[in-house]
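K.L.:
Protein sequence lines, in the order shown, are assigned to chains Z and S.
Just so you know, we're using numbering that gives the first Met the number 0 here: the first sequence kicks off at 0 and counts up by one.
Just so you know, we're using numbering that gives the first Met the number 0 here: the second sequence kicks off at 0 and counts up by one.
Since the hints were derived computationally from the structure, they do not count as laboratory data.
Using N, Cα and C, we set each Cβ at its ideal position, and we do this for glycine too.
Please note that a few of the clues may not be correct.
Claimed, not checked - Just the calculated beta-carbon pair ranges, DEER-fashion:
1) Z/ALA443 / S/THR433: 41 to 49 Å
2) Z/GLY254 / S/GLN71: 45 to 53 Å
3) S/THR186 / Z/GLU425: 38 to 46 Å
4) Z/GLN16 / S/ALA251: 27 to 35 Å
5) S/ASP219 / Z/ASP164: 39 to 47 Å
6) Z/ARG444 / S/ARG90: 31 to 39 Å
7) S/GLN71 / Z/LYS248: 21 to 29 Å
8) Z/GLY222 / S/ASN429: 45 to 53 Å
9) S/GLU439 / Z/ASN128: 34 to 42 Å
10) Z/GLY254 / S/GLY33: 55 to 63 Å
Listed here are the chains, written in short residue letters.
Protein chains: 2
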Amino acid sequence: MVKTTKVYLKDEDMPRQWYNLAADIPGGLQPPLGPDGKPIGPDALAPVFPMNLIEQEVSTERWIDIPEEILQILSRWRSTPLHRAYALEERLGTPARIYYKNESVSPAGSHKPNTAIAQAWYNKQFGINRLTTETGAGQWGSALAYATSLLGMECKVFMVRISFDQKPFRKLMMQAWGATCIPSPSTETEAGRQILAAHPDTSGSLGIAISEAVEAAVSDPSGGTRYSLGSVLNHVMLHQTIIGLETKKQLALFGETKPDVVIGCVGGGSNFAGLAFPFVYDKINGSDIEIIGVEPTSCPTMTRAPYGYDHGDTARMTPLMAMHSLGHDFIPPPIHAGGLRYHGVAPLISQAILDDLVAPRAIHQTECYEAAVTFARTEGIIVAPETSHAVAAAIQEANKAREEGKEISIVFNLSGHGLMDLVGYEKYFNGELTDYALPEEEIARSIKTISNYPKPNIVTK
Amino acid sequence: MVKTTKVYLKDEDMPRQWYNLAADIPGGLQPPLGPDGKPIGPDALAPVFPMNLIEQEVSTERWIDIPEEILQILSRWRSTPLHRAYALEERLGTPARIYYKNESVSPAGSHKPNTAIAQAWYNKQFGINRLTTETGAGQWGSALAYATSLLGMECKVFMVRISFDQKPFRKLMMQAWGATCIPSPSTETEAGRQILAAHPDTSGSLGIAISEAVEAAVSDPSGGTRYSLGSVLNHVMLHQTIIGLETKKQLALFGETKPDVVIGCVGGGSNFAGLAFPFVYDKINGSDIEIIGVEPTSCPTMTRAPYGYDHGDTARMTPLMAMHSLGHDFIPPPIHAGGLRYHGVAPLISQAILDDLVAPRAIHQTECYEAAVTFARTEGIIVAPETSHAVAAAIQEANKAREEGKEISIVFNLSGHGLMDLVGYEKYFNGELTDYALPEEEIARSIKTISNYPKPNIVTK
Numbered sequence: 000m001v002k003t004t005k006v007y008l009k010d011e012d013m014p015r016q017w018y019n020l021a022a023d024i025p026g027g028l029q030p031p032l033g034p035d036g037k038p039i040g041p042d043a044l045a046p047v048f049p050m051n052l053i054e055q056e057v058s059t060e061r062w063i064d065i066p067e068e069i070l071q072i073l074s075r076w077r078s079t080p081l082h083r084a085y086a087l088e089e090r091l092g093t094p095a096r097i098y099y100k101n102e103s104v105s106p107a108g109s110h111k112p113n114t115a116i117a118q119a120w121y122n123k124q125f126g127i128n129r130l131t132t133e134t135g136a137g138q139w140g141s142a143l144a145y146a147t148s149l150l151g152m153e154c155k156v157f158m159v160r161i162s163f164d165q166k167p168f169r170k171l172m173m174q175a176w177g178a179t180c181i182p183s184p185s186t187e188t189e190a191g192r193q194i195l196a197a198h199p200d201t202s203g204s205l206g207i208a209i210s211e212a213v214e215a216a217v218s219d220p221s222g223g224t225r226y227s228l229g230s231v232l233n234h235v236m237l238h239q240t241i242i243g244l245e246t247k248k249q250l251a252l253f254g255e256t257k258p259d260v261v262i263g264c265v266g267g268g269s270n271f272a273g274l275a276f277p278f279v280y281d282k283i284n285g286s287d288i289e290i291i292g293v294e295p296t297s298c299p300t301m302t303r304a305p306y307g308y309d310h311g312d313t314a315r316m317t318p319l320m321a322m323h324s325l326g327h328d329f330i331p332p333p334i335h336a337g338g339l340r341y342h343g344v345a346p347l348i349s350q351a352i353l354d355d356l357v358a359p360r361a362i363h364q365t366e367c368y369e370a371a372v373t374f375a376r377t378e379g380i381i382v383a384p385e386t387s388h389a390v391a392a393a394i395q396e397a398n399k400a401r402e403e404g405k406e407i408s409i410v411f412n413l414s415g416h417g418l419m420d421l422v423g424y425e426k427y428f429n430g431e432l433t434d435y436a437l438p439e440e441e442i443a444r445s446i447k448t449i450s451n452y453p454k455p456n457i458v459t460k
Numbered sequence: 000m001v002k003t004t005k006v007y008l009k010d011e012d013m014p015r016q017w018y019n020l021a022a023d024i025p026g027g028l029q030p031p032l033g034p035d036g037k038p039i040g041p042d043a044l045a046p047v048f049p050m051n052l053i054e055q056e057v058s059t060e061r062w063i064d065i066p067e068e069i070l071q072i073l074s075r076w077r078s079t080p081l082h083r084a085y086a087l088e089e090r091l092g093t094p095a096r097i098y099y100k101n102e103s104v105s106p107a108g109s110h111k112p113n114t115a116i117a118q119a120w121y122n123k124q125f126g127i128n129r130l131t132t133e134t135g136a137g138q139w140g141s142a143l144a145y146a147t148s149l150l151g152m153e154c155k156v157f158m159v160r161i162s163f164d165q166k167p168f169r170k171l172m173m174q175a176w177g178a179t180c181i182p183s184p185s186t187e188t189e190a191g192r193q194i195l196a197a198h199p200d201t202s203g204s205l206g207i208a209i210s211e212a213v214e215a216a217v218s219d220p221s222g223g224t225r226y227s228l229g230s231v232l233n234h235v236m237l238h239q240t241i242i243g244l245e246t247k248k249q250l251a252l253f254g255e256t257k258p259d260v261v262i263g264c265v266g267g268g269s270n271f272a273g274l275a276f277p278f279v280y281d282k283i284n285g286s287d288i289e290i291i292g293v294e295p296t297s298c299p300t301m302t303r304a305p306y307g308y309d310h311g312d313t314a315r316m317t318p319l320m321a322m323h324s325l326g327h328d329f330i331p332p333p334i335h336a337g338g339l340r341y342h343g344v345a346p347l348i349s350q351a352i353l354d355d356l357v358a359p360r361a362i363h364q365t366e367c368y369e370a371a372v373t374f375a376r377t378e379g380i381i382v383a384p385e386t387s388h389a390v391a392a393a394i395q396e397a398n399k400a401r402e403e404g405k406e407i408s409i410v411f412n413l414s415g416h417g418l419m420d421l422v423g424y425e426k427y428f429n430g431e432l433t434d435y436a437l438p439e440e441e442i443a444r445s446i447k448t449i450s451n452y453p454k455p456n457i458v459t460k
């Protein structure tokens, strides 16, 4: 008899509500602040986001209904499979049972469409027909291009120039879905023109691209354009929780009552939150689960950055958010996991770390690629550079379980495939990868940047 | 209530046997011939393939058991989803119900692993630890690299030089799975060295790469190497029939008793055969089904090439096979659908055409890309250039159904995604695609090439 290696959910068992951690986070959430240092109300965000998404952003309802039309579109590829990694377990000789949630099966190749579809749909409901956004490695830009294509909306993506030049296929994906993708900084925005004047040869950054995308949205005189962000914000985390809610039901189909360890990689934090937050809820309610967020040592927001108020973008157009941040002016080293090169981390995740619900961990680039190659040659899936961080942590935990002789269950989020990002694998095989660890001066600089802003009203680390 | 857009099969409903059309093909199959023009026995193939696969190649058993260990590996991604294309139907305004079988969800991104896993497993059972093969666009080479990786075998891929240079990511995929990929013609084989001496600047061809891969297998003094082919041969078609066998059960889950039209693109023919042969069986047994094989106008083996005996490779190392062939020395125009640039077509498909069971159709490259973009912007999946031919024919049939007011059901094989092959899309958007139609002289040349070999003992077209 063939062993079950993966399970799906029946359509009737699909989650019908998203889980909102803001309802349960013990320390509560610090409000976003405006330029005057005072909490901003929903109206201040209205030029940037549609009001229905702003309501989700500030909601503290625990469960929020998923509109049927969104479920209908998600059903094109969801539920995603939950796999048991028998081959990897055997290779490692571990008594641990390893599971992975495979978000790479979406048409855009990652978890990003979960929120792209939802955001596009809410914008359309609100009468918006055009979205702007930024993208680094390209997973988010591709996902929003996919979503707007299905919903008949326009989409403009500002792509960090170095990625735009190095990854021409990402631009072509967006083009196939009818979106416009231009390199950032561009001459189309004031923010872009200023950067270009000061640094004509800049390779761009996510922070700059966010500034441009926000400006392009708010400056549309027709009022029919809004901005869409693929991570960090509460409503983005919310939309991604379908991942963890499916996973809970799928683990039960495998006969697991609960996982012992839950793992996701963290840039802004959306794929991690998507898998982890439903388990954070269980942990708040007494379940014994270790929840690990994994970041690159080169961009250690969770493990080394100070916690405080900072902007989400380089040009300081966004409100101040309370989070772990390396400073809005931080430019991360050029690791291949472009999606993890962000100076901040979602406020909800930051708070969960402060509340000891999430254990952060940083891993070097080389160990991540080594893990990714082991995974490719056992489980057969070539993962994205970002995802390789989750794989590496899962292998660390499985090895620890072997050393301790513990039959634990581990589940991690396979957030995306790496078929568009194979250059890092080549460098790994050629021995050309660099491991970066941020010098202490950089952390000191982060602390200085953040000290310019109000302090959150909680005890920080 | 959410509409069902895709269905899977439960593990216990998975097909347990492959279907062998050789048992039922009305006209029978012409035997392969050796250099002396006489039918060859299984022993003549023994240096090239393991005997267990040779037995499958010549079998006329209707149903052949799928070994449990192969099913176990296939279960990592199978069943693949069968989707209902509601969004495409709406865009076309057709009364037709359109379904597509999504083979792009395999880790290698196409249907090719179905036979790669089977071939690697049978070789390993036979004591072989190393496989050689050729690849054009790279789908097959990637699939065999994936399969050998999972089974702990070595793999060497000769990749047509023009693709090797234009698609560096394909080589990196194979490398991630531990295979060696070198450009063909190479200096590693006598066949390669001869071609290079005569044509130092050649961009290579599938026929040349096959010659090299066969030579590399048979010349291994250890005897531990065999050759693996990703299409054309009977046992390859056999392994792919799991596609159509799943599809039949999945159509029933959608409430369809039978499809009216079945469509697949045809290069060597494996993805087409995989979907179509189980329906050809129904057609032989009286079911009213139109079965359409789609090829590029630039490489019209089924629609215009003569039927006769020819070699499968340029250097004439393979036995003579009875098939539609443009001549083993034919070099197809450089269309983007590299997997459809083969001079011949599977003997089983050739015979099915002669028996009026399969209706061939040729479509221009531009129409195919236009169809692929329509598909991407409705169903959301960016298909491979090869697959775009099936999409184009499905749209032709759906439009015809609209004109005739017929509520028919159409199913096509989405054989692979196009994420590694986006350059053709860029050319399409830039208006730089070329439509090739083969001049009559080329057909005359094909007839001349084939006239050098014995004539099959049947009435040819």
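K.L.:
Could you run down the list of hints and mark each one as holding or not?
P.N.:
Structure-based check of all given hints:
Separated by about 59 Å at the C-beta atoms, Z/ALA443 and S/THR433 break the suggested range of 41 to 49 Å. Range check, Z/GLY254 to S/GLN71: about 19 Å between beta-carbon atoms, so the 45 to 53 Å window is missed. Under the hint 38 to 46 Å, the C-beta atoms of S/THR186 and Z/GLU425, about 23 Å apart, miss the expected range. Checked against the given bound of 27 to 35 Å, the beta carbons of Z/GLN16 and S/ALA251, roughly 32 Å apart, stay inside it.
At about 43 Å, the CB distance of S/ASP219 to Z/ASP164 agrees with the hint of 39 to 47 Å. Here the CB-CB span from Z/ARG444 to S/ARG90 is close to 53 Å, at odds with the stated 31 to 39 Å. With their beta carbons about 24 Å apart, S/GLN71 and Z/LYS248 fall inside the hinted range of 21 to 29 Å. Checked against the given bound of 45 to 53 Å, the beta carbons of Z/GLY222 and S/ASN429, roughly 33 Å apart, lie outside it.
Judged by the Cβ atoms, the range 34 to 42 Å given for S/GLU439 and Z/ASN128 is violated: they are separated by roughly 51 Å. Between Z/GLY254 and S/GLY33 the beta carbon distance is about 56 Å. The supplied range of 55 to 63 Å therefore holds.
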